[in-house]
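Chemist: Here is what each chain is made of, one letter per residue.
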Amino acid sequence: MSTPTSPYNPRRANGPARHDATGEGLDLDPEAFDDGFGFEAIEEIAWDDQPLTQSAPQIETADPARVSVAVDCASKIYRIRSGSEHKNSTKRIGRHLQRALGSGWSEIPALDELSFVVNRGETVGVIGTNGSGKSTLMKLLTGKIRPSSGEVYATSTPVMLGVNAALVRQISGRENIKLGCLAMGLSPKEAKQRFDMIVEISGLHNALDMPLKAYSSGMASRLQFAIATSVDPDILLIDEALNTGDAQFRARTKKRLDEVRAQAGCVFLVSHSLGTIKQMCTRVIWIEQGRMLADGDPEWVCAQYQEYTDHKSNGRMRAAQIVYDRTQLKLSPIQVEFTDGTRPTKAG
Amino acid sequence: MAAPAAERRTPSFQLGPQRVVQMDGDQLVRVGARPGLLRYIRNIWAFRHFLQYDAHARTSSQNNLDSLGRFWMVMNPLLQAAVYFFIFGYILETHRGIVNFIGYLIIGVLTFRFIQGAVVSGSNSIAGNQQVVQAFNFPRACLPISSTVRELFATVPTFVVMAVLVYFIGDYQIADMQRADITLDWKWLMFFPAIFLGLLVMTGLSLILARVVANYNDVKHLISIGVRLWFYASAVIFSVDRFADRGHDWIITVMHYNPAFCILDIIRDAWLYDGLGEPFRWIVLGGWAVGALSIGMIIFWRGEETYGRER
Numbered sequence: 001m002s003t004p005t006s007p008y009n010p011r012r013a014n015g016p017a018r019h020d021a022t023g024e025g026l027d028l029d030p031e032a033f034d035d036g037f038g039f040e041a042i043e044e045i046a047w048d049d050q051p052l053t054q055s056a057p058q059i060e061t062a063d064p065a066r067v068s069v070a071v072d073c074a075s076k077i078y079r080i081r082s083g084s085e086h087k088n089s090t091k092r093i094g095r096h097l098q099r100a101l102g103s104g105w106s107e108i109p110a111l112d113e114l115s116f117v118v119n120r121g122e123t124v125g126v127i128g129t130n131g132s133g134k135s136t137l138m139k140l141l142t143g144k145i146r147p148s149s150g151e152v153y154a155t156s157t158p159v160m161l162g163v164n165a166a167l168v169r170q171i172s173g174r175e176n177i178k179l180g181c182l183a184m185g186l187s188p189k190e191a192k193q194r195f196d197m198i199v200e201i202s203g204l205h206n207a208l209d210m211p212l213k214a215y216s217s218g219m220a221s222r223l224q225f226a227i228a229t230s231v232d233p234d235i236l237l238i239d240e241a242l243n244t245g246d247a248q249f250r251a252r253t254k255k256r257l258d259e260v261r262a263q264a265g266c267v268f269l270v271s272h273s274l275g276t277i278k279q280m281c282t283r284v285i286w287i288e289q290g291r292m293l294a295d296g297d298p299e300w301v302c303a304q305y306q307e308y309t310d311h312k313s314n315g316r317m318r319a320a321q322i323v324y325d326r327t328q329l330k331l332s333p334i335q336v337e338f339t340d341g342t343r344p345t346k347a348g
Numbered sequence: 001m002a003a004p005a006a007e008r009r010t011p012s013f014q015l016g017p018q019r020v021v022q023m024d025g026d027q028l029v030r031v032g033a034r035p036g037l038l039r040y041i042r043n044i045w046a047f048r049h050f051l052q053y054d055a056h057a058r059t060s061s062q063n064n065l066d067s068l069g070r071f072w073m074v075m076n077p078l079l080q081a082a083v084y085f086f087i088f089g090y091i092l093e094t095h096r097g098i099v100n101f102i103g104y105l106i107i108g109v110l111t112f113r114f115i116q117g118a119v120v121s122g123s124n125s126i127a128g129n130q131q132v133v134q135a136f137n138f139p140r141a142c143l144p145i146s147s148t149v150r151e152l153f154a155t156v157p158t159f160v161v162m163a164v165l166v167y168f169i170g171d172y173q174i175a176d177m178q179r180a181d182i183t184l185d186w187k188w189l190m191f192f193p194a195i196f197l198g199l200l201v202m203t204g205l206s207l208i209l210a211r212v213v214a215n216y217n218d219v220k221h222l223i224s225i226g227v228r229l230w231f232y233a234s235a236v237i238f239s240v241d242r243f244a245d246r247g248h249d250w251i252i253t254v255m256h257y258n259p260a261f262c263i264l265d266i267i268r269d270a271w272l273y274d275g276l277g278e279p280f281r282w283i284v285l286g287g288w289a290v291g292a293l294s295i296g297m298i299i300f301w302r303g304e305e306t307y308g309r310e311r
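Chains as they are written, first to last, in the UniProt record's numbering: chain A, 1 to 348; chain B, 1 to 311.
Honestly, the hints are just simulated from the structure, not real lab data.
Take these hints with a grain of salt, some might be off.
Simulated DEER-style distance windows between Cβ atoms [stated by the list, open to error]:
(1) 99/B / 79/A: 50 to 60 angstroms
(2) 279/A / 39/B: 39 to 49 angstroms
(3) 276/A / 80/B: 53 to 63 angstroms
(4) 221/B / 283/A: 47 to 57 angstroms
(5) 279/A / 19/B: 23 to 33 angstroms
(6) 275/A / 219/B: 47 to 57 angstroms
(7) 299/B / 330/A: 47 to 57 angstroms
(8) 86/B / 91/A: 51 to 61 angstroms
(9) 250/A / 19/B: 34 to 44 angstroms
(10) 300/A / 221/B: 50 to 60 angstroms
(11) 153/B / 197/A: 26 to 36 angstroms
Idealized CB from N, CA, C, for every residue including glycine.
Using the sequences and the hints given, assemble the complete structure.
Modeler: Laid out in structure tokens, this is it:
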């Protein structure tokens, strides 16, 4: 997923040195020179880890009252059980054993280390092609999974609005609404108060007493969305998949979403629709192949992204890679530092 | 934990200036961090309505695929008791030395069914509810606790059936069985504290097993074997004294410290033999309840941050 699809490898003047030590860069075979003159004694000059163009880091101070979310070098490598992992195993015995057992671990790097700080009042768009790590970033932000390295800090636990709210298939829509409300931490009284609003948004007046397995997938996702929007979180994450449903439902959801967005302190919006992003966001983060490529002005980032996807969809892999590299060159990465002893450890 | 700031590597190449943002982290919390134990328990208490509603909703929908519906909640235990009676009472004749064998067997089989169900469903409660875990933020201990409570709700009809059966045919004699009169009096109420303590033990075991199964799925296969062993170590279908005259004294010791045996023995004493249960049984059971629940809670709480990940 995170490997570039094209064989093109840009010449990186200030890229990291390769320590292959096989003499790749030499015109001649080093073996031929092995005549006692101590060819191996000549040391390959390693590039500095810090590129020459690196200037001293600019130090900024963030206003602690305004910071909403701080992501500090978070990365994620999924480690999941896989039955076909033996194909990649290098050890012979291990491979046979894994094939016989049909089990093994496979490691899937989903997100490289990335850092950013989001202030109160910002609406951040997150864009990227499929499989680029957007959803993983969202899961890290909500705390559903822990980053493999680094941490995510926030003023309160961010809440994700999406169609992933779990519904229990055997029980009716009415019971699912109540169960969902209680699972989000509402009291039975609050759950009762919001019941009508949820029914209103979902538009499922007639289907409330049917068991959920009788619902069509569209109806189920409407119900999920309606349940998810019944809370008013301070830090809000909105997933693109909300754009399901018919025009009537979309109009209703838009109204409710605007309400929720208006009272939220800080919003993340994941979408493939650049129009929505440009319209709503004050800042855009572009994640590609598990890396943060750009973080900044919506117009500029969206233009780069548009160019990249155009090249990609037309099969111009080299051009796409050039856009990728060019965009990344302009990124000025940040590093989060906490003043002494204030790195948060406590739970929210 | 977070890597120290000095060890961070910079991205492989970039031209934009490196920026460092300094801030005061007092306002922030770590997302998804596990709260302290006391706070965690308070959180569970705050989610008690969720817990209770979840258990209730799933119990009432348990049998709605069957055309006979909840009738099976009563029928299942009846059939099971009949099968055990036929094999162990009638063919293998394990009833020797037991007074009121039919009542003894019914109480044993049906109560152990509850114990077994609570532990098995509790152990699977995290691994089998991955969707719920990933969708909502609630203290994860709600799930094992809720599944144990759900098992209790689902077993209420069984307990009613059990009481009726024991009262009417518990002292029925077949062939050479011994008999003592069964009288319905206030001592029957000892059933409730015994089941309550049992429920605490089951909750503790569920919490421990739920964490183990969530981390190592393989353990699931061992649990059914373990429950089977536990069944034979709890004197469900035969009397403890069977082992006494064969020199297997250690088995008796194991049984006396076995919480499941304590529950069965207390209920049998109260319902069949007009007693209040031996004090030693109550002590052992109480010890298990306190120990299993507190140890289970600590073990489960320590893994709180690991349950949501993909498996």
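Chemist: With reference to the structure, classify each hint as holding or not holding.
Modeler: To see whether the hints hold, each was checked on the structure:
1. For residue 99/B and residue 79/A, the hinted distance range of 50 to 60 angstroms is satisfied, since their beta carbons lie about 58 angstroms from each other.
2. Against the hinted window of 39 to 49 angstroms, the Cβ-Cβ separation of residue 279/A and residue 39/B comes to about 41 angstroms, which satisfies the hint.
3. As the Cβ distance of residue 276/A to residue 80/B is approximately 59 angstroms, the hint placing it in 53 to 63 angstroms holds.
4. Evaluation of the 47 to 57 angstroms hint for residue 221/B and residue 283/A yields a pass: the beta carbon distance comes to about 50 angstroms.
5. Hint check: residue 279/A to residue 19/B, Cβ distance near 28 angstroms, so the stated range 23 to 33 angstroms holds.
6. At roughly 51 angstroms, the beta-carbon separation of residue 275/A and residue 219/B lies within the given 47 to 57 angstroms, and the hint holds.
7. Take residue 299/B and residue 330/A: their Cβ atoms lie about 50 angstroms apart, and the range 47 to 57 angstroms holds.
8. For the hinted restraint 51 to 61 angstroms between residue 86/B and residue 91/A, the CB-CB distance of approximately 55 angstroms keeps it satisfied.
9. At roughly 39 angstroms, the beta-carbon separation of residue 250/A and residue 19/B lies within the given 34 to 44 angstroms, and the hint holds.
10. Checked against the hint of 50 to 60 angstroms, the C-beta distance between residue 300/A and residue 221/B comes to roughly 56 angstroms, which is consistent with it.
11. In this structure the supplied range 26 to 36 angstroms holds for residue 153/B paired with residue 197/A, their Cβ-Cβ distance being about 30 angstroms.
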